[in-house]
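Given only the sequences and the hints, what does the whole structure look like? Please build it.
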Amino acid sequence: MQVELRGLTKRFGPVVANRAVDLVLKPGEVLGLLGENGAGKSTLMNMLCGLYTPDEGEILIDGQPVHFKGPGEAIAAGIGMVHQHFMLVPVFSVVENVVLGIEPTKRLDFLDLAKAREQVREIGRQYGLEVDPDALIESLPVGVQQRVEIIKVLFRSADVLILDEPTAVLTPQEVQEFFEIVRSLRDDGKAIVFITHKLNEILEIADRISVLRNGEIVGEGDPADLTKETLAEMMVGRPVSLSLGKTARAPGETILDVRNLVVLRDDDRMAVDNISLSIHSGEIVGLAGVQGNGQSALIEAITGLRQAASGTVTYLGEDITGVSVRKRHRMGIAHIPEDRLRSGLIADFTIAENMVLDTYYDDRFAQAGQVVWTRAERWAAKAASEFDIRTPSVFLKAGNLSGGNQQKLIVARELSRETKLVVAAQPTRGLDVGSIEYIHRRLLAARDEGDGILIMSSELDEILALSDRILVMFKGRIVAEFDAREAPPDKSAVGLSMAGMAA
Amino acid sequence: QVTDTGGIDDNSFNQTAWKGVQDAEAELGIEARFLESQAETDYEANINSLLGDCDLMVTVGFLLGDATQKAAQANPDQKFSIVDFSYDPAIPNVLGQVYATDEAAFLAGYLAAGMTETGILGTFGGINIPPVTIFMDGFHRGVTYHNAEKGTDVTVLGWDPDVGEGLFTNNFESLDDGRAFAQNLYDEGADIVLPVAGPVGLGSAALADELGTDQLKIIGVDADLFLTDPEKGHVYLTSITKRMDATVLEVIRRAQEGTFEGGVIVGQLENGGVDIAPFHDMDALVPQDLKDELAEIRQGIIDGTIPVDGS
Amino acid sequence: MTTSPDVSVMPQTAVATAWRRRSRIYGIVLIGLALLVAFIFGPDVDGDATFRLSRPKDPFALPNLVVPAAPFTYIAAALLAFLGAREFLRGGGRWSSIALGVGLAIAVVALLVWATAGKSFSLTGMLQATMVRAVPIALGGLAGVLCERVGVVNIAIEGMLLAGAFTGALVGSLLGGWMGLLTAVIIGGAFGFMLAALVVTYRMDQIIAGVVINLFVLGLTSYVSSQVFAEYRSLNDAPVFRAFKIPILSDIPVIGPMLFNQNIFVYGALILVAIATYYLFYTRNGLRARAVGEHPRAADTLGINVYRTRYIHVTLGGMVAGFGGAWFTLGSVGRFDENMTGGRGYIGLAAMIFGRWHPVGALLAALVFGFADSLQQKLALLQTPIPSEFLAMFPYIATIVVVAGLIGRARAPAADGKPYIKE
Amino acid sequence: MTLNENLDTATAKLLERAAPGRAEFEDLVVVPLFAVAVALALGALTMLATNVDLATIGRSYVALLQGSVGSLSALSETLTAAAPLVLAGLGLALGFRAGLFNIGAEGQILMGGMAAVITGFSLAGLPFPILLPLCLLAGALAGAAYASIAGILKAATGAHEVISTIMLNLISYRLVDYLLRLPFIQKEGRADPISKSVPPNAELPRLLDWLDPNLRVHGGVFLVIAAVIFAYWLLFRSKIGFEFRASGANPDAARYAGMKAGLIIVIAMATAGALAGLAGANQVLGVLGRTSPGFSAGIGFDAIAVALLGRSHPVGVLFAGLLFGALEAGGRQMQVDAGVSIDLIGIIQALIIVFIAAPILVRAIFPWGFRRGEQK
Ligand SMILES: Nc1ncnc2c1ncn2[C@@H]1O[C@H](COP(=O)(O)OP(=O)(O)OP(=O)(O)O)[C@@H](O)[C@H]1O
Ligand SMILES: Nc1ncnc2c1ncn2[C@@H]1O[C@H](COP(=O)(O)OP(=O)(O)OP(=O)(O)O)[C@@H](O)[C@H]1O
Ligand SMILES: [Mg+2]
Ligand SMILES: [Mg+2]
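Protein chains in written order, with this note's numbering: chain A, 1 to 503; chain B, 1 to 311; chain C, 1 to 423; chain D, 1 to 376.
Among these hints, one or two may not hold up.
[What the hints assert, rightly or not] Not everything, but these chain C residues come out facing chain D in the computed CB check (under 10 Å):
hint: 1; residue: I75
hint: 2; residue: A78
hint: 3; residue: S222
hint: 4; residue: D237
hint: 5; residue: A350
[What the hints assert, rightly or not] Pair by pair, the computed Cβ-Cβ distance ranges are:
hint: 6; chain 1: D; residue 1: L123; chain 2: B; residue 2: D88; range: 45 to 53 Å
hint: 7; chain 1: A; residue 1: S278; chain 2: C; residue 2: Y278; range: 57 to 65 Å
hint: 8; chain 1: D; residue 1: A156; chain 2: C; residue 2: L35; range: 19 to 27 Å
hint: 9; chain 1: D; residue 1: N51; chain 2: C; residue 2: I248; range: 32 to 40 Å
[What the hints assert, rightly or not] Below 25 Å or equal to it, Euclidean Cα-Cα: the simulated DSS-like pairs (lysine-lysine) are:
hint: 10; chain 1: A; residue 1: K397; chain 2: C; residue 2: K119
hint: 11; chain 1: A; residue 1: K420; chain 2: A; residue 2: K397
hint: 12; chain 1: D; residue 1: K196; chain 2: A; residue 2: K327
hint: 13; chain 1: D; residue 1: K13; chain 2: A; residue 2: K397
hint: 14; chain 1: B; residue 1: K70; chain 2: D; residue 2: K187
hint: 15; chain 1: C; residue 1: K245; chain 2: A; residue 2: K397
hint: 16; chain 1: A; residue 1: K420; chain 2: D; residue 2: K260
hint: 17; chain 1: C; residue 1: K418; chain 2: A; residue 2: K69
hint: 18; chain 1: A; residue 1: K69; chain 2: C; residue 2: K422
hint: 19; chain 1: D; residue 1: K196; chain 2: B; residue 2: K70
hint: 20; chain 1: A; residue 1: K26; chain 2: A; residue 2: K246
hint: 21; chain 1: D; residue 1: K260; chain 2: A; residue 2: K397
hint: 22; chain 1: D; residue 1: K13; chain 2: A; residue 2: K327
Since the hints were made in silico from the structure, they are not lab data.
None of these values were measured; they are calculated from a predicted model.
Backbone N, C-alpha and C fix where the C-beta goes; we use that ideal spot for every residue, glycine too.
The structure is reproduced here in structure tokens:
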């Protein structure tokens with residue numbers, strides 16, 4: 001089945017998310033869709049899958065124009081989408097999520113999950129997507145949740161699969177497995193749209209590439225005759241250097257020293273199992289690991305968000321195991337949280353307010369129990385322009401910023417303080433090359449100023465690119481350590497130890 | 001007339017007092033107007049808003065005591081009369097109307113003791129305050145008197161004059177409580193219940209109506225509920241009536257005749273200010289000799305040979 | 001599927017610290033209760049506590065349940081002490097909450113025995129009353145569950161109950177009980193629909209919308225009852241649905257009268273709870289409804305109409321509340337009075353949260369409340385030295401204690417209270 | 001790091017505020033006017049439905065107007081009725097901003113009032129300038145303490161504040177009933193549950209009684225003004241207020257920023273309680289002069305509507321409170337002149353809130369007079 005988009009346009013108030021986009025999807029082909037944050041990729045696909053209705057233009061399936069009144073109709077027409085932000089109900093089981101919307105039933109509307117379970121297992125076997133049908137989504141690592149999303153689509157026997165940034169949360173191994181799945185789907189004759197930022201991935205998997213910028217198609221071509229550089233340039237609209245030019249640097253005195261740390265989760269299960277590590281001035285330590293292996297727990301313990309069950313955390317020679325988050329901030333520990341919208345900033349506060357979210361009490365902004373907003377605002381404006389946050393005014397709500405700029409806002413807030421230790425969790429998750437490059441440079445700058453830096457990321461490339469030293473976490477323990485000061489270690493070796501196999 | 005929060009149609013004291021005013025309207029050809037209080041905060045405002053445009057203002061309910069006093073002192077030439085309250089020292093332009101309800105309650109207690117088959121009676125109140133518990137006291141003592149005279153062993157659930165604690169709904173609004181509390185007493189074997197909680201008693205009546213009067217009878221308070229609550233009238237054995245209509249009418253008459261002066265009118269068995277209502281439908285059920293005894297006791301109370309205060 | 005390590009590998013020290021935090025506190029509470037029972041109740045109990053299982057005039061009288069008060073009290077105290085000690089020393093994990101629950105139950109029974117010592121009261125009656133008093137709360141809670149499961153917070157339960165009560169009385173007086181009941185349900189539904197329209201279509205803040213409906217209904221019903229009912233009394237004299245026995249079942253001692261000798265509202269409540277549970281957790285539409293409450297966008301991407309689902313369920317919730325409201329008039333006293341629901345709707349709301357957004361949970365919560373309520377009436381009759389005001393507080397305090405002690409952070413549907421904006 | 005005072009142009013541009021557009025004007029002025037108009041119209045329909053003749057309806061609305069703003073005494077009544085609504089409403093608004101849905105104002109008012117009256121008559125000896133503040137303080141503290149119960153429970157065990165505050169309300173009624181029976185509180189020589197009176201030197205002085213002894217407006221209005229300013233400062237200027245709003249808008253982010261969630265909950269509840277308690281004290285010291293069962297008269301619940309109507313903004317709350325006060329005072333007049341039950345006011349209040357809280361609805365009814373398109 002062949003799908004064609006003709007002159008699709010979509011506006012959100014003033015914003016034109018897509019302008020007259022033409023696109024063709026062919027069966028048995030993977031179309032790579034590349035574009036910066038806010039380029040309009042998701043919007044475009046949301047129109048294809050019936051979630052949004054186009055303002056202009058039309059969609060043709062096998063030459064016939066169709067008008068979806070809702071996702072239901074798109075699904076019926078054989079179009080399935082795996083959304084950028086998972087569309088899974090956390091408290092439902094895998095099978096419940098899969099059948100939702102097309103549930104098999106017996107008499108009295110009674111759910112017949114038994115049948116569905118079997119189908120789920122079947123699909124799993126067919127495409128190598130094994131998953132326990134009865135597991136609760138919220139108890140599953142993101143990698144597995146990803147599979148469930150794909151099973152959902154296949155369960156609806158879609159011929160067109162739209163994958164919106166599916167690899168953002170996967171480990172190298174998982175990415176490779178995932179590509180296998182995609183290929184087998186393609187060979188199965190399905191038309192696939194693969195949305196991503198990652199240049200090497202798109203070059204590896206796509207049969208054809210379209211680049212979207214500011215809602216318009218700015219380039220198309222065959223992976224064979226495209227390079228990372230050309231793609232990046234199309235995407236951003238200016239030449240970008242992809243190498244950070246990081247220079248080796250001798251580590252200084254110890255900044256953070258963690259001894260025999262044990263951390264539990266809310267449900268008292270083990271998250272961090274007796275870990276010891278240390279971070280020195282002027283070094284970047286990369287914390288690699290598959291989600292769900294305790295990295296966040298470890299970071300929460302270091303930043304004081306989660307109390308340690310046992311063990312000690314020493315910072316600049318001072319035991320801070322029991323010290324409050326606030327105190328740690330003031331002692332110079334910066335924290336770029338894992339999930340910017342959930343815990344990084346407050347969407348309906350202004351940029352200015354967010355900029356001082358954890359320094360408002362500081363003498364620079366506060367006196368006699370009250371915040372002097374004029375000062376805070378000037379400060380915010382300065383930081384905003386300094387960290388080139390794209391916004392007309394600092395009185396705008398942070399929620400209106402694009403993902404990349406939101407992240408920059410957080411980085412600006414954290415790095416423009418007096419810091420000795422920077423803890424960065426997923427600092428560039430879901431950002432475009434431009435922003436990624438910028439944030440990486442900032443982190444390196446901080447390192448060169450003599451800060452100690454701990455980076456937790458599910459993107460191994462990022463870890464490899466930045467780290468002087470790499471620690472791999474698995475099941476709450478540190479299972480491997482790599483020196484990366486001179487040259488980055490072998491990627492697959494790290495990948496293997498992340499999967500728990502001795503490297 | 002300014003009512004208390006119960007509302008003019010509460011089948012209870014507000015309504016009875018209003019009846020008095022209406023009687024006056026009929027008999028003495030006066031013109032009447034009323035104002036319902038929603039809440040305590042309204043009392044003063046309501047009184048003020050009636051000030052001036054009437055000769056006599058009747059406020060109903062002890063809760064208005066202070067508001068009335070304030071207004072009376074502020075406006076010495078406005079005549080006031082307040083139901084269920086009296087001032088001491090008396091205020092020259094306020095005539096209080098109070099009632100010795102325990103006298104009538106005593107009779108009701110004796111009657112109930114004579115009528116019960118299970119030997120168990122029940123009572124409950126709105127809130128634990130004298131104006132309410134005076135009924136329960138009188139009732140209880142009436143029963144005790146009956147036990148003493150007749151050597152019976154009738155018990156009263158829900159009030160103990162000596163401890164001063166008992167069964168209270170802690171509100172005067174929730175009819176459903178009235179039903180639940182009566183049910184509770186019925187479960188404990190009571191076959192006659194005296195609810196002293198204004199409209200809440202109507203809930204008890206609904207229960208009696210449902211169970212049938214052979215299972216449960218109700219004794220009303222304030223007004224003769226057989227008349228004011230005709231739908232459920234048949235469940236009332238009798239009512240302990242405060243004839244507020246009588247006293248209010250009397251007050252209005254005095255006001256018209258110009259014999260009005262501050263002080264207090266006490267409603268008693270003697271002057272008919274309090275009484276127990278006729279048995280109406282249940283008249284046949286009440287044995288003649290019990291009726292006679294009641295007549296004697298009434299006399300005894302009036303000439304003070306039978307103390308109702310338990311002494 | 002979770003990649004997290006299993007409990008066995010964790011060092012004992014760590015586990016212990018985490019688990020003991022909670023169980024220590026519970027332990028102390030339980031031991032406190034034990035001391036209370038032993039030294040406050042203990043000294044002045046004598047004679048037997050007699051719980052009557054049948055009334056004087058009942059056709060066939062059951063033997064009374066006689067408990068020797070003193071021994072019982074001390075046994076209870078011992079049990080509590082044991083539970084407490086166990087919790088304190090090496091309690092923890094799943095059992096802590098259960099232990100605390102059991103402990104509270106024992107304490108309550110001990111209180112009852114202490115109060116009853118040397119006297120007697122009708123246990124059957126108390127249980128029956130428990131059920132009756134629980135009905136409007138349970139129905140209110142159920143209404144809440146239906147709404148919040150699709151992500152609409154319903155503060156308006158109170159108003160819907162009141163509307164049901166009013167309509168029941170008015171129409172019941174004119175056209176008889178059944179018509180009254182029917183219209184009460186319809187009107188309840190109408191207000192549900194109104195709430196849905198306000199919050200779904202007009203994106204009004206859900207709490208504000210709820211508060212508004214409460215204000216509106218209170219105003220309207222009070223207005224009409226003082227403006228109209230005052231004059232035309234016949235409009236406010238509805239027949240009451242009487243209790244009827246379910247053959248055989250109602251003869252089961254104690255439980256029989258409690259469950260099977262009641263009026264249609266009690267049966268209705270029980271049946272509705274059963275249906276709602278089946279519907280929400282075992283049917284297709286139930287699954288979809290919950291999905292809408294947890295993750296509307298996900299539901300939307302799968303072709304489920306979020307708006308329609310919310311409209312339907314909030315309206316259904318309104319109908320349930322309307323039914324519950326009719327209980328006040330058609331199921332109890334046969335006439336309407338201003339604000340006669342007296343905050344039961346809010347307690348229903350509490351029951352829903354306390355019942356963890358589950359129909360059965362809401363029912364049980366309502367029963368706990370009903371029990372505390374009828375218990376305080378009995379205690380008042382038994383003339384305990386406790387002032388009646390404090391007895392009257394008992395149900396409320398009980399609710400707070402249970403909510404604070406046993407429930408803790410209950411988890412609402414994820415999208416609860418959040419408007420869904422399609423584009 | 002120090003921030004240099006001379007900002008470059010780029011930075012300066014970022015500091016420009018967008019001037020309030022027409023949307024704001026419509027939301028703040030046009031919509032409320034429409035709302036009131038529509039509400040009154042529907043109110044009239046309700047009266048028609050209950051066969052009230054047109055003449056009476058006309059008279060009742062004239063009365064409503066006169067009774068609320070028509071005369072000096074009307075204004076006085078309006079202010080008197082508004083004062084407690086605004087005070088309690090401010091408290092609730094603070095709670096809402098901090099993400100706490102506190103239904104407990106009613107109980108906090110009762111506690112505040114009791115504390116005020118008890119302090120009043122037990123320290124009657126003290127001179128006015130000391131006693132009055134003392135009574136107000138007692139009221140605020142009592143309210144704060146009572147509200148903190150719910151706060152502490154939530155912070156410590158996660159008990160849902162909606163439940164605990166509802167229950168605390170119900171408990172407070174009984175508590176007052178009981179207290180009023182205690183010999184040292186109950187008015188001597190009185191059988192009914194009524195407290196000793198507030199001594200004159202503890203009363204909030206009436207402001208206009210030199211004009212006419214029946215003008216009830218009292219010193220509470222200054223209390224209200226002060227409270228509004230305080231609440232505004234607290235929310236939008238103070239550090240703790242920033243913490244309130246932050247943990248209200250996104251508790252997680254607040255925690256990550258090092259704010260102490262539990263502490264904030266307790267403080268927010270306490271502040272809310274203090275204001276509600278002040279409302280109670282205001283009633284007792286300014287209007288009632290003593291306490292009796294349920295003297296809060298549902299103010300705590302109306303205050304919820306007021307706070308919501310005022311969009312949890314101190315100034316908004318002030319206006320919402322005045323509106324409700326006016327309706328209440330006018331309603332009483334309405335009942336006297338036209339014999340229309342005051343309950344009608346409840347209906348009108350509800351309708352007004354509907355139309356103000358759902359601007360889209362008003363726009364739907366009156367498409368004209370509004371800028372096309374934009375709907376956020
Ligand atoms: N629901 C919406 N309302 C308003 N604006 C929107 C909405 N969705 C997207 N936009 C805007 O439309 C533009 C395109 O958004 P879109 O999510 O399609 O970009 P994208 O390429 O998917 O970005 P990303 O790589 O972060 O996923 C952005 O400017 C975004 O701010
Ligand atoms: N309190 C909890 N109850 C139940 N499951 C949990 C809990 N906390 C985490 N999990 C699940 O267990 C796994 C580990 O969670 P956790 O977030 O602690 O690991 P992590 O350190 O965050 O790993 P990552 O940082 O890569 O996400 C995840 O799948 C998470 O969903
Ligand atoms: Mg996207
Ligand atoms: Mg995590």
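A quick look at each hint next to the structure:
Interface restraint check for C:I75: the shortest CB-CB distance to chain D comes to about 30 Å, outside 10 Å, so the restraint is violated. Because the closest C-beta pair between C:A78 and chain D is about 28 Å apart, greater than 10 Å, the hint is violated. This hint holds: C:S222 has a C-beta 4 Å from the nearest C-beta of chain D, less than the 10 Å allowed. A hinted interface residue such as C:D237 counts as satisfied when its beta carbon comes closer than 10 Å to some beta carbon of chain D; here the least separation is about 19 Å, so the hint is violated.
With 10 Å as the threshold, the beta carbon of C:A350 comes within range of chain D, its nearest partner Cβ sitting at about 4 Å, so the hint holds. Between D:L123 and B:D88 the CB atoms are about 27 Å apart, so this pair departs from the stated range of 45 to 53 Å. Hint check: A:S278 to C:Y278, Cβ distance near 58 Å, so the stated range 57 to 65 Å holds. The beta-carbon spacing between D:A156 and C:L35, approximately 22 Å, falls within the hinted interval of 19 to 27 Å.
Between D:N51 and C:I248 the Cβ separation comes to about 53 Å, which falls outside the hinted range of 32 to 40 Å. For the given pair, A:K397 sits about 69 Å from C:K119 by alpha-carbon distance, which is inconsistent with the 25 Å threshold. Taken as a hint, the A:K420 and A:K397 pair is broken in the structure, with Cα atoms around 30 Å apart against an allowance of 25 Å. Our distance criterion of 25 Å between C-alpha atoms is broken by D:K196 and A:K327, whose separation comes to about 51 Å.
The suggested pairing of D:K13 with A:K397 holds, with an alpha-carbon distance near 16 Å, which does not exceed 25 Å. About 16 Å separates the Cα atoms of B:K70 and D:K187, which keeps this hinted pair within 25 Å; it holds. For the given pair, C:K245 sits about 64 Å from A:K397 by alpha-carbon distance, which is inconsistent with the 25 Å threshold. The suggested pairing of A:K420 with D:K260 holds, with an alpha-carbon distance near 23 Å, which does not exceed 25 Å.
For the proposed pair C:K418 and A:K69, the alpha carbon gap of about 24 Å is at most 25 Å, so the pair holds. Between A:K69 and C:K422 the alpha-carbon distance is near 13 Å, which keeps this suggested pair within the 25 Å criterion. A threshold of 25 Å between alpha carbons decides the hint, and for D:K196 with B:K70 the separation of about 15 Å falls inside it, so the pair holds. For the hint linking A:K26 to A:K246, the alpha-carbon distance of about 42 Å lies beyond 25 Å, and the restraint is violated.
This hinted pair checks out: D:K260 and A:K397 have alpha carbons roughly 24 Å apart, not beyond 25 Å. About 35 Å separates the Cα atoms of D:K13 and A:K327, which puts this hinted pair outside 25 Å; it is violated.
Checked against the numbered hints above, the structure breaks hints 1, 2, 4, 6, 9, 10, 11, 12, 15, 20 and 22 and satisfies the rest.
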